[in-house]
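As a plain string of letters, each chain reads:
Protein chains: 4
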Amino acid sequence: MDPEEMIERSPFVGYLGIEITRAEEGYGEATLEIEDCHAGPPDGSIAHGGVISAFADTVAGTATLPLAGRVTPTIDLRIDYLNPANCERLNGIAEVRRKGSSISIVDVEITDESGCEIATARGVFKVDNPKERSQWEDGWPKTESDVEE
Amino acid sequence: MDPEEMIERSPFVGYLGIEITRAEEGYGEATLEIEDCHAGPPDGSIAHGGVISAFADTVAGTATLPLAGRVTPTIDLRIDYLNPANCERLNGIAEVRRKGSSISIVDVEITDESGCEIATARGVFKVDNPKERSQWEDGWPKTESDVEE
Amino acid sequence: MDPEEMIERSPFVGYLGIEITRAEEGYGEATLEIEDCHAGPPDGSIAHGGVISAFADTVAGTATLPLAGRVTPTIDLRIDYLNPANCERLNGIAEVRRKGSSISIVDVEITDESGCEIATARGVFKVDNPKERSQWEDGWPKTESDVEE
Amino acid sequence: MDPEEMIERSPFVGYLGIEITRAEEGYGEATLEIEDCHAGPPDGSIAHGGVISAFADTVAGTATLPLAGRVTPTIDLRIDYLNPANCERLNGIAEVRRKGSSISIVDVEITDESGCEIATARGVFKVDNPKERSQWEDGWPKTESDVEE
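Those protein sequence lines, which keep their order, are chains A, B, C and D. If you read the first sequence in this note's numbering, its first letter stands for residue 1, the second for the next number, and so on. If you read the second sequence in this note's numbering, its first letter stands for residue 150, the second for the next number, and so on. If you read the third sequence in this note's numbering, its first letter stands for residue 299, the second for the next number, and so on. If you read the fourth sequence in this note's numbering, its first letter stands for residue 448, the second for the next number, and so on.
Source of the hints: derived by calculation from the structure; they are not laboratory data. Note that the Cβ used here is the ideal one computed from N, Cα and C, for glycine as well. A hint or two may mislead.
Some chain B residues judged to face chain A by a derived CB distance under 7 Å, without partners named [stated by the list, open to error]:
no.	residue
1	Cys186
2	Gly189
3	Ile228
Keeping only pairs whose Cα atoms sit at most 16 Å apart, straight-line, the calculated EDC-like set for lysine to aspartate or glutamate is [claimed, not checked]:
no.	chain 1	residue 1	chain 2	residue 2
4	C	Lys397	C	Glu323
5	A	Lys99	C	Glu415
6	B	Lys248	D	Glu564
7	C	Lys397	A	Glu117
8	B	Lys248	B	Asp277
9	B	Lys248	B	Glu173
10	C	Lys397	C	Glu322
11	D	Lys546	B	Glu266
The task is simple: from the sequences and hints, build the whole structure.
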């Protein structure tokens, strides 16, 4: 299974409507079309902050999952909101800033369809090659590279 | 409109299924029944990290909205994951740690139905209450541009 | 008093040995020569993490103080360590990512004399510029207490 | 060498004047007498934010070093300032919130001599039993328990 497909098979990623457009070792991209269900205010004009943090968490995984060949649990995430998400689409890119032996630090930038900065996030993710799978990973399929190990 | 109702009228809060159980000045609580759509892994065993960060953001608002009497936009949010959310329900409580003239700092603790700690979050929220010059600035000289004002 | 001088007059900035090299509205730079007193390990080979976080906090101020014309208290700061500071000098640059009515979000990048990334930090600072109701609040209903105002 | 002594042998910990008062597995305490050199404003009334973040980083280590029996490098640290440090002494306590296989999450609370909350911090620290020592640890002595391994 390729990394894009593996991430998109997550039920919550599908429930939100996130599409993974790139997932390479240390770099990835995703998009989210904003629908009525994503709104914070009742009149539907602006996406809820929780949509954006959930999107940021998922985008980060596009850069880390290919490194590990398996799911990379979030250890922590910080998100800063730069402008209201009064838009039709969110675009996110993720870049690994530090690749350690057991964790990676990832930067995520989120913009709207016009390039306006919506949010910036940074997180620490568990990215390693453990002897045994962690309890965080139960229920996830393996990538082909994982199977080959 | 009371604060609980105001928060629950948000389309995304409803889409996630969050129920607000308390919303007072500086303190609030909410719950979320975990459904299949919240799963991270395809087999549905553990809630996605994005569910938990979105829940944390919403729980924080239960403590800040009553302070401001209006929506209190998230400026930043930091979440640390303590245990996998392999559970039936998330319970969240929020407490304001600092109440400033324009922002508030809020702590959120998220547990499952058995009391196991799932995540802890902290955020800065825009909670306006304009006042005079803050006590943080005492003792500093002014720049010329400041004097000219 | 110009902003560089104003920051350097802080006793702790002098005690650490930080030199401010640029301080403009939304952008600034500083440097720190690493001395024996800055070491974490007893043999003096690597700067202590606390030196780097204190440096990051000061660097951030070079970009915010000129915006406000006065000291801009730190509300929160997150620092991520990328490589050990086994070096002779720290260079820091700060850029404002969001300029709000009462707060600003600042990014800080810290490298050593060879350009190696040592740490990256992000913080929220109190930078007052009171305005009217923010665009973040559009579309939300008001509570009764708000209507009564 | 006991953990308190090991931390206090750090040149920067000594330069700041931090005293370690307790260092156990998962819990620790330290204090810092505020001197003129710690001031942020020129008139010396309030401790600089960088003093407090450096203190928080050191306090966190009192809870993690005894777990690992060696230095525990900071991966990230987030600090929120609650009240100006217009005081004579900082007291800090650290508690491990999550003890993972390779990292630990630590909470730090900082108060002044009257019990007033000055800051709250949370960080992720590298706490493990690696086959080989990481490059972050060069130059540190080993504790007795480390030597016994």
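Consistency of the hints with the structure:
The interface hint given for cysteine 186 of chain B is met, as the beta carbon of that residue sits about 4 Å from the closest beta carbon of chain A, less than 7 Å. Interface hint at glycine 189 of chain B: satisfied, since its Cβ lies 5 Å from the closest Cβ of chain A, which is below the 7 Å cut-off. Residue-level restraint check for isoleucine 228 of chain B holds (minimum Cβ-Cβ distance to chain A is 5 Å; threshold 7 Å). With a C-alpha separation of about 10 Å, the suggested pair lysine 397 of chain C and glutamate 323 of chain C falls inside the 16 Å cut-off, and the hint holds.
For a cut-off of 16 Å, the pair hint linking lysine 99 of chain A to glutamate 415 of chain C stands: about 13 Å separates their Cα positions. Among the hinted pairs, lysine 248 of chain B with glutamate 564 of chain D is consistent with the structure: their alpha-carbon atoms are about 13 Å apart, no more than 16 Å. As the CA atoms of lysine 397 of chain C and glutamate 117 of chain A are separated by approximately 12 Å, the hinted pair is consistent with the 16 Å bound. A hinted pair counts as satisfied when its Cα atoms are at most 16 Å apart, and lysine 248 of chain B with aspartate 277 of chain B qualifies at roughly 10 Å.
Straight-line distance between C-alpha atoms of lysine 248 of chain B and glutamate 173 of chain B comes to about 14 Å, which keeps the hinted pair within the 16 Å bound. In summary, the hint linking lysine 397 of chain C to glutamate 322 of chain C is supported, as the alpha carbons are separated by about 14 Å, within the 16 Å threshold. For a cut-off of 16 Å, the pair hint linking lysine 546 of chain D to glutamate 266 of chain B stands: about 13 Å separates their Cα positions.
In this structure, every one of the numbered hints holds.
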